[in-house]
Amino acid sequence: DGPPAAAPPGRDRERERERVRRRAGAQGSAGRAARGRARRAPGRRSGGENDRRPEVTVDTSKAKTSLEALKISLRQLRWKEFPFGRRLPCDIYWHGVSFHDNNIFSGQVNKFPGMMETVRKITLSRAMRRMQDLFPLEYSFYPRSWILPEELSLFVAEVRMIKDSNPSWKPTFIVKPDGGCQGDGIYLIKDPSDIRLTGSTQSRPAVVQEYICKPLLMDKLKFDIRLYVLLKSLEPLEIYIAKDGLSRFCTEPYQEPTLKNLHQVFMHLTNYSLNIHSENFIHSDSVNTGSKRTFSSILCRLSSRGADVKKLWSDIISLVIKTIIALTPELKVYYQSDIPAGKPGPTCFQILGFDILLLKNLKPVLLEVNANPSMRIEHEQELSPGVFENVPSPVDEEVKVAVIRDTLRLVDPQKKKRKDTQCQSWEQEPGPSEELLDAAPSPEAALPSLCLKQVFPKYAKQFNYLRLVDRVAALFIRFLGVKGTTKLGPTGFRTFIRNCKLSNSNFSMAAVDILYIDITRRWNSMGIDHKESGMCLQAFVEAFFCLAQKKYKARPLYEQVGLLVNECECRLADLKGKRLLWGCGLGERQGALQATATTPSPARPHGRQVSHHDLGWALNIPCPLCQSLPNVLEPWTDPAPIPSPAAHLRPFP
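The opening residue of the sequence shown carries number 509 in the numbering used here; numbering runs sequentially from there.
Take the hints with a grain of salt, since some may be wrong.
Said to hold, decoys possible - Cut-off 20 angstroms, straight-line C-alpha distance, at most; resulting in silico cross-link-like pairs (EDC-like, lysine to aspartate or glutamate):
1. K969 x E646
2. K868 x E764
3. K1059 x E1075
4. K969 x D823
5. K671 x D699
6. K671 x E718
7. K961 x D920
8. K969 x E746
9. K671 x D702
10. K579 x E1075
11. K572 x E886
12. K579 x D920
13. K868 x E718
14. K1059 x E646
15. K698 x E666
16. K740 x D846
Read the hints as simulated data drawn from the structure, not as lab findings.
Using the sequences provided together with the hints, build the complete structure.
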């Protein structure tokens, strides 16, 4: 029959196109089916790729000098950056300077409102002095300080008195302007009557401190330590400390201060911004050499000399916790002012820079706290006269990128959501096999371990007894009245006295008014925030201390304040319990209760005032506050005495 006739060329092309279309359709349907299965099983892995998770969004439009370190951290975490802001809300807002931004109603901000004001040199010195009055031994790590110009005459008188009693004492003092930074305006003096004190401090308030003449030296150079501390939360209080920090060195060999070398800033001041202009400054790529090194390299050298590095770390942790405890009362007042309870607003966290100096005996001394520690990871290098170039700094990058990255990991808003979603999905559908789970590493598996170590509430039991002023601040905030204010008016102060029943025949309400006017007028004359009228927190704390000293005489100050705080808290709890009873319609039975509340009985031998437990006992109902049934046969006893903090490191009962 012969060979078959050849098909026309056009028909072959049509058949080939049809086969390609069928093959592509089959592959597309298979791909769609696979993607559908992946969506239905969000906890599983497919093809070795991580499942799609909601990305954490970070607004970096106001990051400023910390931007480069922040960008590296976000790339390592694979988070979404918005360098120019975003119309929709972000999970985290990273600010370079301060908290204030009127457009943030949710998410997290890396600044606390009022932090810059709280850690200013004068405010910090007042807070530390207040704690030194209560606990002098616990707060001996902060140098003796005076505030100028208001305490200039006191400073001169005290120095003369000490010199008269100890003629061999030849002190040196360092003067730090209140609003100064990067070493600006700092100078040393020998004579308290130095003309510069009376001239410059009138227009520029400052703090004068006793200069530490015998610091620990390394390679004959003076140095200080910059440690990074994360304040993750105010309520409850959460504190983390970075395991490594920076050591900033002077650039001239150290000598004890004399009249001839007082002006040599490269010998006495460790500020990086000053020493970088010295011709002896050494930029090094090694963490063990140069004018800026890691703190861990210093610890290694100290350990090789036989120093007790563990005790040094323990002392530093104690210093950091005690300093934060001294600062939190003021911070809480600012926080409730900017973000009142019940109103929409972000939560806050912040990285602080602690500048610490070591004495020869390795005792740490606090120099200052920085609300905005530099997070730059490069430095300027002069290529030719007037021509500079930014050069990476390996030492800065090693420490600062880890601090920022691990701070973000700790405040990750999606971490809890991802855990909840995975648990729900695995409960609804059969999960992957154990082999797949073992083979599927977590997103953080490729990252190093956290460089931030929690120190509070981990060590809360050892330090809670120091939070006396924190409890006084809670009373202050309770009676502020108007939300968004930071000062207590005369009506609020009278209400506080009346509700806590602090007035009596020896301390009338007229005396209360005089106390309020005297203390408020004096604090307002110091230039403390004239935007609002009224009593600031520091003035309220002073008034509270006066009331405690009048009520509980012949006791140490910390016991006096502790007893008065306990009494005020109990009075307010009783008042709340009475209001709960009235709200429940039990007011008719109150008369009989009040008649028996102060009558001595076997269960109440002292004839005490009624408390919330007594209300439940008298009405034969559970306690309206704690829902417990009090044991009426248990005799009343006096409250346990407040332990001495030096002997018992535990909170007040």
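*Compare the distance between the alpha carbons of K969 and E746 with 20 angstroms, and conclude whether the hinted pair is satisfied.*
With Cα atoms ~14 angstroms apart, K969 and E746 stay inside 20 angstroms; holds.
_Can you confirm whether the C-alpha distance between K698 and E666 stays at or below 20 angstroms?_
Roughly 14 angstroms between the alpha carbons, so the hint for K698 and E666 holds.
*Going straight from one Cα to the other, do K740 and D846 come out at no more than 20 angstroms?*
Given that 20 angstroms is the threshold and the Cα spacing comes to 18 angstroms, the pair holds.
_Restraint check for K579 with D920, where alpha carbons must lie at most 20 angstroms apart_ = OK: K579 and D920 at ~16 angstroms, within 20 angstroms.
*Keeping to a limit of 20 angstroms between CA atoms, is the pair of K671 and D699 held or broken?*
11 angstroms, holds
_Against the 20 angstroms threshold, does the CA-CA distance of K1059 and E646 hold or violate the hint?_
Violated, at roughly 25 angstroms.
*20 angstroms Cα cutoff - pair K579, E1075*: 52 angstroms, violated
*Is the Cα-Cα distance between K868 and E764 20 angstroms or less?*
13 angstroms, holds
_For K961 and D920, compute the direct alpha-carbon distance and say whether it is at most 20 angstroms._
It holds: about 16 angstroms lies between the C-alpha atoms, which stays within 20 angstroms.
*Are the Cα positions of K1059 and E1075 separated by 20 angstroms at most?*
Given pair K1059, E1075 holds - Cα atoms ~11 angstroms apart, limit 20 angstroms.
*Are the Cα positions of K671 and D702 separated by 20 angstroms at most?*
16 angstroms, holds
_With the threshold set at 20 angstroms, check whether the alpha-carbon distance from K671 to E718 stays at or below it._
The hint holds at about 14 angstroms.
Violation of the numbered hints given earlier is confined to hints 10, 14; the remaining hints are satisfied by the structure.
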